[in-house]
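As a plain string of letters, each chain reads:
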Amino acid sequence: MRKSPVVGALALLLLAGAAHADTSAKKIAFSNNYAGNSWRQAMLKSYDIITKKAVADGIVAASDVFTTADQEVPTQAAQIQNLILQGYDAIVINAGSPDALNGAVKQACDAGIVVVSFDGIVTEPCAYRVVVDFKAMGKEQVTQMAKFQPKGGNLLEIRGLAGTSIDEEIHAGILEGIAANPQFKIVNSVTGNWDQTTAQKAVATVLPSLPDIVGVVDQGGDGYGAAQAFAAAGKPRPTIILGNRQDELAWWKEQKAKDGYQTWSASIAPGVSSLAFWVAQQVLDGRTDIPHDLLVPYLAFTQEDFEAALPNIPEGGVATHEYTQADAIEAIKANIK
Amino acid sequence: MSAIRTLLARPWIWSYIGALIVWLAAITFTGGYGAGGMITAALSLAVFMVIVGIGQMFVITLGPGNVDLSLPANIGLASAVAMKVMGGSNSMIAVGLIAALASGMAVGAFNYLLIRALRIPPIIATLSSSFIVLSIDIAYGRGLQIKPPPAFADFTNIQFFGVPILAIGGAIFAFLAGIALQRMIYGRSVLAIGQNMRAAWLAGIPVERIRFFTYTLSGALGGINGALLAGYFRGASVDIGNEYLLSSIAVVVIGGTSVAGGKANVPGIWGAALFLVLLLTMLNTFGVSAGVRLLLTGLIIVGVITAAGGQKALR
Numbered sequence: 004m005r006k007s008p009v010v011g012a013l014a015l016l017l018l019a020g021a022a023h024a025d026t027s028a029k030k031i032a033f034s035n036n037y038a039g040n041s042w043r044q045a046m047l048k049s050y051d052i053i054t055k056k057a058v059a060d061g062i063v064a065a066s067d068v069f070t071t072a073d074q075e076v077p078t079q080a081a082q083i084q085n086l087i088l089q090g091y092d093a094i095v096i097n098a099g100s101p102d103a104l105n106g107a108v109k110q111a112c113d114a115g116i117v118v119v120s121f122d123g124i125v126t127e128p129c130a131y132r133v134v135v136d137f138k139a140m141g142k143e144q145v146t147q148m149a150k151f152q153p154k155g156g157n158l159l160e161i162r163g164l165a166g167t168s169i170d171e172e173i174h175a176g177i178l179e180g181i182a183a184n185p186q187f188k189i190v191n192s193v194t195g196n197w198d199q200t201t202a203q204k205a206v207a208t209v210l211p212s213l214p215d216i217v218g219v220v221d222q223g224g225d226g227y228g229a230a231q232a233f234a235a236a237g238k239p240r241p242t243i244i245l246g247n248r249q250d251e252l253a254w255w256k257e258q259k260a261k262d263g264y265q266t267w268s269a270s271i272a273p274g275v276s277s278l279a280f281w282v283a284q285q286v287l288d289g290r291t292d293i294p295h296d297l298l299v300p301y302l303a304f305t306q307e308d309f310e311a312a313l314p315n316i317p318e319g320g321v322a323t324h325e326y327t328q329a330d331a332i333e334a335i336k337a338n339i340k
Numbered sequence: 411m412s413a414i415r416t417l418l419a420r421p422w423i424w425s426y427i428g429a430l431i432v433w434l435a436a437i438t439f440t441g442g443y444g445a446g447g448m449i450t451a452a453l454s455l456a457v458f459m460v461i462v463g464i465g466q467m468f469v470i471t472l473g474p475g476n477v478d479l480s481l482p483a484n485i486g487l488a489s490a491v492a493m494k495v496m497g498g499s500n501s502m503i504a505v506g507l508i509a510a511l512a513s514g515m516a517v518g519a520f521n522y523l524l525i526r527a528l529r530i531p532p533i534i535a536t537l538s539s540s541f542i543v544l545s546i547d548i549a550y551g552r553g554l555q556i557k558p559p560p561a562f563a564d565f566t567n568i569q570f571f572g573v574p575i576l577a578i579g580g581a582i583f584a585f586l587a588g589i590a591l592q593r594m595i596y597g598r599s600v601l602a603i604g605q606n607m608r609a610a611w612l613a614g615i616p617v618e619r620i621r622f623f624t625y626t627l628s629g630a631l632g633g634i635n636g637a638l639l640a641g642y643f644r645g646a647s648v649d650i651g652n653e654y655l656l657s658s659i660a661v662v663v664i665g666g667t668s669v670a671g672g673k674a675n676v677p678g679i680w681g682a683a684l685f686l687v688l689l690l691t692m693l694n695t696f697g698v699s700a701g702v703r704l705l706l707t708g709l710i711i712v713g714v715i716t717a718a719g720g721q722k723a724l725r
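Chains A and G, in that order, give the protein sequences. Following our numbering, the numbering of the first sequence begins with 4 at its first residue and continues without gaps. Following our numbering, the numbering of the second sequence begins with 411 at its first residue and continues without gaps.
Hints in this document: simulated from the structure, not taken from any laboratory.
Result set (SDA-like, lysine to any residue): computed pairs, CA atoms no more than 20 Å apart in a straight line: (1) A:Lys154 <-> A:Glu143; (2) A:Lys48 <-> G:Ile546; (3) A:Lys238 <-> G:Gln569; (4) A:Lys238 <-> G:Ile568; (5) A:Lys188 <-> G:Val698; (6) A:Lys188 <-> G:Ser699.
All of these numbers come straight from a predicted model, not from anything done at the bench.
Please take these sequences and the hints and turn them into a complete structure.
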């Protein structure tokens, strides 16, 4: 009986420490397939901020980022195989393809490694997917467009990187929105790869042949390029849905000041990488009740609130939000039915 | 008749025929609508391919194995350097352009250093230097879109009767490059080295000096291209030059320059650049999906090169 307070204290200590201690020896790797645009840079930065602190706080032992620069799926598959051999406990992935990496991901799962994909997700069932509701985002674009252009008309669609789940989901959402708003018609769709330069080029080549366009539906990162292409071709400025980039919101502010221009802006917050990290940490912590498909909301700005957000976005960067461990636990809770 | 035959015998004519065919196909599809706008858009985008294409042409003409794969990274870095130095201020435009030129020349000179001092084959040397330059750019530019000064941005959009000012500048530059290639000691030396490096050396041509100059020239053109791209596309970015790895080589080859070196021509580069942009215009106008577009682009480029090559064999 004399020992009991000590034992009790020890037991208490163990219980209290359980949430952290379990993952303090774990190593988490991040496999990323692209770093060349402002969104990806913000994604890496958010990830860096959150994980550096997590390592310093002793929540995890190591967190390393591996980026393949060339957007090639085979390169990323080989990289994942290397990460397996290097003995990481969890791999966070922004995948270049929804299914082409499934083989490598399965190997990782079989080796007992926790795989959490986000943004560009993988379909392999053993992996976790932190998914922004891109389909809803695509559909909402058309709903918003109907507010600004009630009469309807011709739309130009700008697609993202071909073959990715994001591109397919947003596109499907836009089609759903068009079905619900038959006053709109997509007269052409070009590939912008979420990149201003690519989008501007693609829109510039297609604009001369198009009838009058009332609106542009897109995927983020391409709105400013589209605006430039319309201006360069001397065509009237349509309602362009934006994607939370600083230059897009600054352009919006400029246009709004000029003639009350109205539009809407939405994108996945690059900081969702930090959410994926916390999900991996929670799984490593021994939680078994986490659904493999986690739906998280997208980040949107409206006519009313975008100007307040603008000063917080770095020049040339993109609006983001860094998620904490508590945010992740909250998001997981929201997904448990 | 003989005039037509002489014209057809020119290796560069095929790129212009190709450009004309895809343009006609595109305007047939739209019923003639937007024909002029397509030419204007094609001229504005083609000029960037022409600038780096001419640099690449001189490098490729140096002989087998010579190629500059560092252009995309070089362009990306120069675009960031130019925009950062300009800092959005109209008074710094000239300084920014010089800085971009210097950045490009430094990359070109570094390429040559790797090739000459470390005896690395040009393909490997320029590719590895491109990774180094890319990393510098990511660290330096942080993937941010830095905006050009308003006067510089407006300048890149000036048009005279539908002809962009950059395209006029590009045409003058191509004309001068043509003279340099065919009429000046530098150009003749490049051609001689491409035909037989040892013979050129024995004939007293300063082979290494010419090679150094050529790689630096290609780098410098990449640098200028980066600054102009950042102006036209309203901002520098890491991957602003990505497209120019393939297209700088493609315009050289489609334009009728020999990949084996020693034989080059400048007019074909303009034709090939217009052909590539109009091809994209046509496929975008048809509204084909991304996959089909890439497939058709590949097939059509193979077709044009085969057509041009087949004609040569007949001679």
